[in-house]
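In the order they appear, the protein sequences are chains C and F.
Quick note on the working numbering: the first sequence kicks off at 8 and runs consecutively.
Quick note on the working numbering: the second sequence kicks off at 8 and runs consecutively.
Careful: at least some of the hints might be erroneous.
Chain F side only, calculated, beta carbon under 8 Å to chain C, not exhaustive [claimed, not checked]:
hint, residue
1, 13
2, 34
3, 46
4, 53
5, 54
6, 60
7, 61
8, 78
9, 82
Some chain C residues flagged as far from chain F (calculated, every beta-carbon gap over 10 Å) [to be verified]:
hint, residue
10, 30
11, 49
12, 53
13, 87
14, 148
15, 176
16, 183
If you are wondering where the hints come from, they were derived from the structure by calculation, not from laboratory data.
Ideal Cβ positions, reconstructed from N, Cα and C, are used throughout, including at glycine.
Number of protein chains: 2
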Amino acid sequence: MTATPAETADAVELLGLVAQLEHLAFARLAADAAVAPTAEHRIELSRFAAAAVARRDRVLDRVAELGADPLAAMALYDGVLDDFDARTEPNTWWERLLTVYVGYGVADDFCRLAAAGLDETSRALVVEVLDDAEHADLAVAELDAAGTDTAVSARLALWGRRLVGEALGVVQRLVVQRPGLVRLLDARPTGESTTVAGQDTAAPGAAGQSAVGERTQAPANQASSKLFGELTAQHTRRMTRLGLTA
Amino acid sequence: MTATPAETADAVELLGLVAQLEHLAFARLAADAAVAPTAEHRIELSRFAAAAVARRDRVLDRVAELGADPLAAMALYDGVLDDFDARTEPNTWWERLLTVYVGYGVADDFCRLAAAGLDETSRALVVEVLDDAEHADLAVAELDAAGTDTAVSARLALWGRRLVGEALGVVQRLVVQRPGLVRLLDARPTGESTTVAGQDTAAPGAAGQSAVGERTQAPANQASSKLFGELTAQHTRRMTRLGLTA
Chain C
8 MTATPAETAD AVELLGLVAQ LEHLAFARLA ADAAVAPTAE HRIELSRFAA AAVARRDRVL
68 DRVAELGADP LAAMALYDGV LDDFDARTEP NTWWERLLTV YVGYGVADDF CRLAAAGLDE
128 TSRALVVEVL DDAEHADLAV AELDAAGTDT AVSARLALWG RRLVGEALGV VQRLVVQRPG
188 LVRLLDARPT GESTTVAGQD TAAPGAAGQS AVGERTQAPA NQASSKLFGE LTAQHTRRMT
248 RLGLTA
Chain F
8 MTATPAETAD AVELLGLVAQ LEHLAFARLA ADAAVAPTAE HRIELSRFAA AAVARRDRVL
68 DRVAELGADP LAAMALYDGV LDDFDARTEP NTWWERLLTV YVGYGVADDF CRLAAAGLDE
128 TSRALVVEVL DDAEHADLAV AELDAAGTDT AVSARLALWG RRLVGEALGV VQRLVVQRPG
188 LVRLLDARPT GESTTVAGQD TAAPGAAGQS AVGERTQAPA NQASSKLFGE LTAQHTRRMT
248 RLGLTA
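Chain C on its own, in the form it takes in the complex:
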């Protein structure tokens, strides 16, 4: 089955987002490495930063394979996290770790959900790229240690709620501004939704992807509420893993 030009354009729209997020993860992890409390953290975070560059480049290679311009695909999302960053300036090392864990957690979940609508090669790549959980493991280990203190826990739980609010705001803007991402979300097989417990609302009636720009608004709203339900559920799981109230 050959992808239509419209399908390829949508795939590039998502791959550009994933590439931009990996690039921003690089920048963020490098900045975190610069202020990390120990040499071990500096080393570890610099390795994560380098790994994000490698992941970004694999995604950019796929964009080129699809015949599109990698830098133009990324450029669609220039400044995508500027608001998020400006509103979530961390005050402590733990808040800093949580910012990446939650902020990129939500963004990655969004990309993972949209990836279900991609061609098989692109989907496998995105899923593999987003599955790198090393930073999450560091965050969990560190925040576990921090979490033994109730006052710190309460503060971090609050911070987590602020982060998820801002992160969902980013997703909201993406959904409004980038119809290709919405089409990919809609194109997901119905079975996909079962991965998130408690979110068994009916899948939107995706009628294929050929009619670009012609999707009706009602299913979009339905899809949107389903999407935010799924993202919130994943966030809750993530916070629970840290022993924090979502």
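Place chain F on chain C using the hints.
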């Protein structure tokens, strides 16, 4: 020929410096990527940053192979470029590029010269690691473009002179503080000096490395002036490559 414990300690002293410089190059390149003028530069500099992490890790692996603690070896040089960075805050993108090109150029030359006194495996590694000239190529290409303007050229030439002064100051402090590095420089085969034209002062009478802490001062001074002559000659070559007056 097995290395003596003293020789191994000296090797670790140099490898720690190379690892620290690669780590600092990562941090610097990541920061440069964050303020680069175009997406192409951001991408390219992030790749250089990632490559510096990989190079640092290869050097740290060698430290571990030699039975020493990689982080402790790096920690010998914590803050080694703090003064240099504080005194050479670049004002323009070109000054920024030149800062890395010249600053790390001098530091790399110093490490390359000292590497001649290393065991063969360590020496081959250091030479290979320091031979990665990708950033230099970027700097040269960019500064070439900048250099067509005489006023910019004059300004950059001045900047280069300031940079090399500060960089030689860093080397001066290293030579004073880390006798292991001086022993490695002294242990170079006499032929090594022929790689730098016009610096044919006699090699210091290195009497082997077994008598740690027992080296006389006279050859150290001689070696020091020879060293700075070599570093300055390399700097001049580097500036000439840019069409700038050293």
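The hints, checked one at a time:
| no. | hint | result |
| --- | --- | --- |
| 1 | 13 | 25 Å, violated |
| 2 | 34 | 6 Å, holds |
| 3 | 46 | 5 Å, holds |
| 4 | 53 | 5 Å, holds |
| 5 | 54 | 6 Å, holds |
| 6 | 60 | 4 Å, holds |
| 7 | 61 | 7 Å, holds |
| 8 | 78 | 5 Å, holds |
| 9 | 82 | 6 Å, holds |
| 10 | 30 | 7 Å, violated |
| 11 | 49 | 7 Å, violated |
| 12 | 53 | 5 Å, violated |
| 13 | 87 | 14 Å, holds |
| 14 | 148 | 18 Å, holds |
| 15 | 176 | 23 Å, holds |
| 16 | 183 | 24 Å, holds |
Checked against the numbered hints given earlier, the structure breaks hints 1, 10, 11, 12 and satisfies all the rest.
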